[in-house]
Amino acid sequence: MNSIIFIKKQSDFNNVEIDLPASKSISNRALIIDALAGGNSAIDNLSEARDTQTMIRLLASSESTLDVLDAGTTMRFLTAYLAVTNRKNVLTGSDRMQNRPIGLLVDALRKLGAQIEYEKKDGYPPIQLNGFRDSGQQQLDIPGDISSQYISALLMIAPLLKNGLQLNLTGKIGSRPYITMTLAVMKSYGVRSSFEGSIVKIKPQTYKVAKYSVEPDWSAASYWYSMVALSGKSSIQIKDIKLPALQGDSILTKMMTSLGVETVFNKSGATLKKINHQSEFSFDFTDSPDLAQTVAVICAAKGIEGNFTGLESLRIKETDRILALQAELKKIGASLVEKDNQWTVIPATDLPSTKVTFNSYEDHRMAMAFAPLCMLMDVEIEDPLVVNKSYPSYWADFEKVGINLSRS
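The sequence shown begins at 69 in our numbering and counts up by one.
To be clear, the hints were calculated from the coordinates, so they are not data collected in a lab. Treat each hint with caution, since some may be false.
Unchecked claim - With beta-carbon atoms standing in for the labels, derived distance ranges: (1) S350 / G470: 32 to 40 Å; (2) T412 / S281: 34 to 42 Å; (3) K322 / G470: 23 to 31 Å.
Said to hold, decoys possible - In silico lysine-lysine, BS3-like type, Cα no more than 27 Å apart, as pairs: (4) K276 / K342; (5) K301 / K370; (6) K301 / K423; (7) K423 / K77; (8) K301 / K322; (9) K423 / K370; (10) K301 / K342; (11) K301 / K76.
Just so it is clear, CB atoms sit at the ideal spot from N, CA and C, and this is done for glycine as well.
All chains should be modelled from the sequences, with the hints used to inform the complete structure.
Next comes the structure, spelled out in structure tokens:
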């Protein structure tokens, strides 16, 4: 049986400080680019997340079979990296990873010259990489509404192609900030690009060794915004976060003013302060899907009607996050209603007076999104170690601000 963490309903807290983990999204990009540059760069503040530690381990591995576990970014980025560096490996992952699609990326890499075969089911890991012979193809059309990890994987290897690469993003472009993040990290290693409208162009170039520092993780900050939003009148200081930031999730500073949290920047980071919230909240999560679970829980618990779009990519994450949210919000008397690619959070009228146990679905963001409900009620989180995927110190930080945890 999986372990459980019990969190008793908490009192407000003030004068506490949190040191966020580094961004795993930026860390994983920097690691791939550094490897393409020769692996001699100094990268400061690398993420301690399991996904990033998996990336570090596999980049250094000489084994023929590489297991990414449940790390989607690692799977997509390594597929492109191993292909363009002419490696011959089997790339596999957890059961869930073997049900997360990779066909569009494999098709694109094959057009560029990669020899890739599926080990089991077409379009899904595990895959066998059998080398690379540059086809000279200079342009690819790829849907803009697929996972931005596919697009970023192709962009990072583009400078190594003999004719470079022009990606034509067709249809609606989702997660645009993750694409611009990738290009920004590439620029730090000496590679120039252009991204105009729906076209990204990268000429043949050479990555240069660089000194790079990874910024704090804004996705991780969202859970502390939630703690303040769900409190009576708490405040918290988050170290070292600032604007502008590479991460699209920094939109939190604007978004959360509607949900009851003000961000006050200072020389050491930012203070989050409780303010009044609005009765309704509308947002398109196309560019920041990792915030959706946190915001849905806030709306459900605070009596805010939430009107969401852009949640389509949640279905192919660590779990089907839409189904998971619907199941878990129901436990507190709220619901997430879907109609015509729009989702409405119907908040709870009264929160349960007894302890509620939430399933994490082997999904780090489910566990971290529901834990802040402890500001309003007794909460249990199943499989709490799932947070190691992105925020290993999550529960230690809870205790740091004075929240008592009971483990079983």
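Against the structure, the hints come out as follows:
1. S350 / G470: 32 to 40 Å: holds (35 Å)
2. T412 / S281: 34 to 42 Å: At roughly 41 Å between Cβ atoms, S281 and T412 fall inside 34 to 42 Å, so the hint holds.
3. K322 / G470: 23 to 31 Å: holds (29 Å)
4. K276 / K342: With Cα atoms ~45 Å apart, K276 and K342 exceed 27 Å; violated.
5. K301 / K370: holds (14 Å)
6. K301 / K423: Given that 27 Å is the threshold and the Cα spacing comes to 23 Å, the pair holds.
7. K423 / K77: holds (9 Å)
8. K301 / K322: Since the Cα atoms of K301 and K322 sit roughly 19 Å apart, the hinted pair holds (cutoff 27 Å).
9. K423 / K370: holds (18 Å)
10. K301 / K342: Holds, because 6 Å separates the two Cα atoms, which is no more than 27 Å.
11. K301 / K76: Measuring from Cα to Cα gives roughly 18 Å; hence the hint holds.
The structure does not agree with numbered hint 4 stated previously, though it agrees with all others.
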